[in-house]
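*Asks:* Chains as they are written, first to last, in the numbering used here: chain A, 874 to 980; chain B, 54 to 474; chain C, 36 to 440.
Be aware that one or more of the hints could be misleading.
Here are the computed lysine-lysine pairs in the PhoX-like style, where the Cα-Cα straight-line distance is at most 25 Å [claimed, not checked]:
| id | chain 1 | residue 1 | chain 2 | residue 2 |
| --- | --- | --- | --- | --- |
| 1 | B | 330 | A | 960 |
| 2 | A | 960 | B | 70 |
| 3 | B | 158 | A | 960 |
| 4 | C | 257 | A | 879 |
| 5 | C | 276 | C | 257 |
| 6 | A | 938 | B | 70 |
| 7 | C | 324 | C | 349 |
| 8 | C | 239 | B | 158 |
| 9 | A | 960 | A | 938 |
| 10 | A | 916 | B | 347 |
| 11 | A | 938 | A | 916 |
| 12 | B | 329 | B | 237 |
| 13 | C | 312 | C | 257 |
| 14 | B | 347 | B | 330 |
| 15 | A | 916 | A | 960 |
| 16 | C | 312 | C | 276 |
| 17 | B | 237 | B | 330 |
Think of the hints as simulated: they come from the structure by calculation, not from any bench.
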Amino acid sequence: MSEGAKRGWRDLPAGALILEAGNAERYFTGDWRTQRPVIDLQKCTHCMLCWFFCPDSAIRVSQAKVEGVDLDHCKGCGICAAVCPVKIRAISMVEETQALRAGKDRE
Amino acid sequence: MAAQKATIAAIRSPSVKELSLHPDLLSGGHRLCAGCAESIIVRQVLLAAQAPVVVINATSCLEVATTIYPYTAWRVPWLHSLFENAAATVSGVEAAWRALQRRGKIPEERIAFIVFAGDGGTYDIGLQSLSGALERGHRFLYVCLNNEAYMNTGIQRSSATPLGAHTTTTPAGEVIPGKLQWRKDLTGIIAAHRIPYVAQTALTPQPLTDLTTKVRRALEADGPSFLNVYSPCNRGWRFEPADTIRISQLAVETCYWPLFEVVEGEWRLTYTPREKKPVAQWLEAQGRFRHLLKPEHRHVMDEIQVWVDREWESLLARTGRAAAKRDEAPPRPAPGHRPERAEPPQTARAAQGEGGAARCPCGASSPGVQWGCLFCGRVCCPRCAYSPEGLTVCARCARDLFGIAEPPALASAERRWISRE
Amino acid sequence: MTRVVALTGNQAAAEAMRQIRPEVCAAYPITPSTQVMETFAQFVADGRVDTELIPVESEHSAMSACVGAAAAGARVMTATSSQGLALMHEVLYVASGLRLPVVMAVATRALSAPINIHGDHSDAMGSRDAGWIQLYAEDAQEVYDTLLQAVRIAEHPQVLLPVMVCFDGFTTSHTIERLVILEDAEARAFVGEYQPAHPLLDLKRPVTYGPLVLPDYYTEIKRQQREAMDHAPGVIREVGKAFGERFGRFYGLLEAFHLQDAEVALLLMGSAAGTVKGVVEGLRQEGIKAGVLRLRAFRPIPAREVAAALAPLKAVAVLDRADSVGSPGGPLFTDLRAALGELPVRPRMVDYVYGLGGRDLLPEDVRRVYSRLVRLAAGEGEDEAVCQYLTVREAPRPLSPVGGA
Chain A
874 MSEGAKRGWR DLPAGALILE AGNAERYFTG DWRTQRPVID LQKCTHCMLC WFFCPDSAIR
934 VSQAKVEGVD LDHCKGCGIC AAVCPVKIRA ISMVEETQAL RAGKDRE
Chain B
54 MAAQKATIAA IRSPSVKELS LHPDLLSGGH RLCAGCAESI IVRQVLLAAQ APVVVINATS
114 CLEVATTIYP YTAWRVPWLH SLFENAAATV SGVEAAWRAL QRRGKIPEER IAFIVFAGDG
174 GTYDIGLQSL SGALERGHRF LYVCLNNEAY MNTGIQRSSA TPLGAHTTTT PAGEVIPGKL
234 QWRKDLTGII AAHRIPYVAQ TALTPQPLTD LTTKVRRALE ADGPSFLNVY SPCNRGWRFE
294 PADTIRISQL AVETCYWPLF EVVEGEWRLT YTPREKKPVA QWLEAQGRFR HLLKPEHRHV
354 MDEIQVWVDR EWESLLARTG RAAAKRDEAP PRPAPGHRPE RAEPPQTARA AQGEGGAARC
414 PCGASSPGVQ WGCLFCGRVC CPRCAYSPEG LTVCARCARD LFGIAEPPAL ASAERRWISR
474 E
Chain C
36 MTRVVALTGN QAAAEAMRQI RPEVCAAYPI TPSTQVMETF AQFVADGRVD TELIPVESEH
96 SAMSACVGAA AAGARVMTAT SSQGLALMHE VLYVASGLRL PVVMAVATRA LSAPINIHGD
156 HSDAMGSRDA GWIQLYAEDA QEVYDTLLQA VRIAEHPQVL LPVMVCFDGF TTSHTIERLV
216 ILEDAEARAF VGEYQPAHPL LDLKRPVTYG PLVLPDYYTE IKRQQREAMD HAPGVIREVG
276 KAFGERFGRF YGLLEAFHLQ DAEVALLLMG SAAGTVKGVV EGLRQEGIKA GVLRLRAFRP
336 IPAREVAAAL APLKAVAVLD RADSVGSPGG PLFTDLRAAL GELPVRPRMV DYVYGLGGRD
396 LLPEDVRRVY SRLVRLAAGE GEDEAVCQYL TVREAPRPLS PVGGA
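Work out the full structure: start from the sequences and follow the hints.
*Replies:* Rendered as structure tokens:
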């Protein structure tokens, strides 16, 4: 999942500093996943618990509303589905193979 | 001081919806395990902080997984130096901030200096530098991501590992049931530094913003502050990645990991479970305690319950929620086996083992003080017991497992004891 | 305008630090460098310098705080000795690996066990591969002058490496000498302001310091460090020359004494050079073509310069104030022997370990070495070991009134 050619020693910042903050978002951990969260936005109450407890900053939110899952980074841990309130259950975990077969590569 | 105390206590976290309007300062694409609690904690800490943040990270899972060169998940200035020196390193950063401001080289601006370190980097190898930095009074927040073992090197025991837990250096074996010692009361040790704000917290839906509230309070404190954050590790503790938050909540509901804070020396509970659940529910949810379900180790589970009860009671007393009973002296993490303990837990198994007589095989009819053997759970009087490093092993197990000669008092009783079986 | 004052080496170091005015100093007391920070702490207490002094709880934390402050963008200094330097060991690599120009005064001292508080170079030699520039001063004047230069060397954009200024424990650290001190303004103007390229406290450009670097990049980062160290000799010379042009005392990588026409010479570092120079003056009067080569820089080792200076000689002896047990000789010897390896015709070369744990080096010890060199230069065969202990008691000896062994 690396990008481009690796630079030679003359072209790297001294002391192994990383000068581009947050560039890890270009590293995709989505391919670790064996299951993926599917959010039923009809049921979702936008309580934000899934977003609050996501280890991978992978629940996409905007203006206090849940919009979907960042599948480039979601590792499929299932915490979001687990913390979704029992009476709502808006998130289900779907086997990755099943999801791919259904052609839902991206939400 | 009182005003300061009241001010801090009045601080509340914004709601989760409000927090969601803030940018995430830790990006995705880091390589912590799926379901890791650490990045959840870090995200919440960074979301709660209002001032610009500068992070100092001790060597840890968090450090290696978030900054695999040439990628960094951090959108804030971040510095890692070594394993045991995060508190000393932040001392230098914070001193530089003061000096550079004084000389007009950087703008006058408040910065929240936040250290993240694991329990190894905090309870063990980093304790000296942390103690020094707290005593010197640098203004920073130290967050211990406490997953109760050295996870970065592959699940080795630390002094935060609970009794009975299996780790790769305290493996549960045929003879020894996992770790033999209680965890260290680090939060108490930190509070003993009399810094303005110390708290214990966890990732819990109930109360939902305990962590973020405490971050806000800690950052308001005029001096060093410390958060001991419970950080379940699904790889090390053996549970499903999706259960991270459930395990946290269970630790809180069983009072194994109570949520409290010490504001300017005043101890306060920040959450009381409606119903204190048996600690077995929390233990049974984790593979690291699986061996304790075997009948021969069941007594360790009982010991853990006794310990949790004692700790909880003393915390209630300290926070003014219950009358101080035997708590005039500072409460100590009551080891199940300490010889000097006044009221030892009489384990169910130990009592049963002696037909309810609670009598040492040597014949001591009223030993006064008794211990349960760590291995077989039988009662043994202080004269007969073998007590290496504060543990109690009955004379028979000491002989069988460690080759310790049985005490003379037992020699005659031994035959009787064996024949009874 | 200058002032003539009487100070110990430690006080001279503290005086230089006061004039340099680092933003942060973090230090922990240890004999024989304690006085540096004591003196400096008094300067801070009296308001004579506005440095943030961090009285840490160990040397490990001292260097850690220095790393934090330097990464933050501050100019940082400290001082230590012996066990303190040893305790800092792993942090030394962090300072150099993150390319932080920390400057540290090291009053060199023996290492335990057995415990000994007196001077030798064992401590500094233990950190010779830590990626720090190491400069060795002969006396208090040089301690002062070198610290002022060290800041410029360390912060040079082509170098950006930490610097140790080493001077002999007690002999230099505690002996009061007469020295010339610059006016504060002159010293400050010479040192200049530190302009960090990527300070941690630049909130607008968040930088990640100290990431995990795996096999795909680690070598490149280390290669950069070698390049930086390769730039150091030129910069050390340039700064030493600039200092000389301004203040009249010139410095380079090494100091040659009567070496022009010499046939035999001693190579060494630190305060013992004074004793050796005295002996050489005497030998010259006797017609012996003796010289001295004192290294000021040990890291980087000025290999080419040493080789050029020694090529015409017939026999040389290295005086090592530390042993490297298990290697062919002391650390200085093995390095210099390698440096001379390129020469088509080499002087014969032997090594003497001397002055361990504060043992005095007496003029007669030095004479003994020169007489062996004269024999070697004359081509006389011998069966003595290449590496020997010079100041060691081989057999019982009555107490000496001059304190020698």
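*Asks:* Now tell me if each hint is right for this structure.
*Replies:* Comparing the hints with the structure gives:
For the proposed pair residue 330 of chain B and residue 960 of chain A, the alpha carbon gap of about 23 Å is at most 25 Å, so the pair holds. At most 25 Å may separate the alpha-carbon atoms for a hinted pair to count; residue 960 of chain A and residue 70 of chain B meet this at roughly 19 Å. Distance restraint check for residue 158 of chain B and residue 960 of chain A: the Cα-Cα separation of roughly 55 Å exceeds the 25 Å cut-off, and the hinted pair is therefore not satisfied. With a C-alpha separation of about 16 Å, the suggested pairing of residue 257 of chain C with residue 879 of chain A holds against the 25 Å cut-off.
For the hint linking residue 276 of chain C to residue 257 of chain C, the alpha-carbon distance of about 29 Å lies beyond 25 Å, and the restraint is violated. Between the alpha carbons of residue 938 of chain A and residue 70 of chain B the distance comes to roughly 8 Å, so the proposed pair stays at or under 25 Å and holds. About 11 Å separates the Cα atoms of residue 324 of chain C and residue 349 of chain C, which keeps this hinted pair within 25 Å; it holds. A distance of roughly 15 Å separates the Cα atoms of residue 239 of chain C and residue 158 of chain B; the hinted pair therefore holds under the 25 Å criterion.
Taking the CA atoms of residue 960 of chain A and residue 938 of chain A, the gap is about 19 Å. The hint holds against a cut of 25 Å. Proximity of residue 916 of chain A to residue 347 of chain B is assessed by CA-CA distance (about 44 Å); at most 25 Å being required, the pair is judged violated. Taking the CA atoms of residue 938 of chain A and residue 916 of chain A, the gap is about 13 Å. The hint holds against a cut of 25 Å. Among the hinted pairs, residue 329 of chain B with residue 237 of chain B is consistent with the structure: their alpha-carbon atoms are about 23 Å apart, no more than 25 Å.
Taken as a hint, the residue 312 of chain C and residue 257 of chain C pair is broken in the structure, with Cα atoms around 39 Å apart against an allowance of 25 Å. Using a Cα cut-off of 25 Å, the hinted pair residue 347 of chain B and residue 330 of chain B holds, with the two alpha carbons roughly 21 Å apart. About 10 Å separates the Cα atoms of residue 916 of chain A and residue 960 of chain A, which keeps this hinted pair within 25 Å; it holds. Under the criterion of a C-alpha separation no larger than 25 Å, the hint pairing residue 312 of chain C with residue 276 of chain C is consistent with the structure, at around 23 Å.
Taken as a hint, the residue 237 of chain B and residue 330 of chain B pair is honoured in the structure, with Cα atoms around 23 Å apart against an allowance of 25 Å.
The structure is inconsistent with the numbered hints 3, 5, 10 and 13, although it conforms to all the rest.
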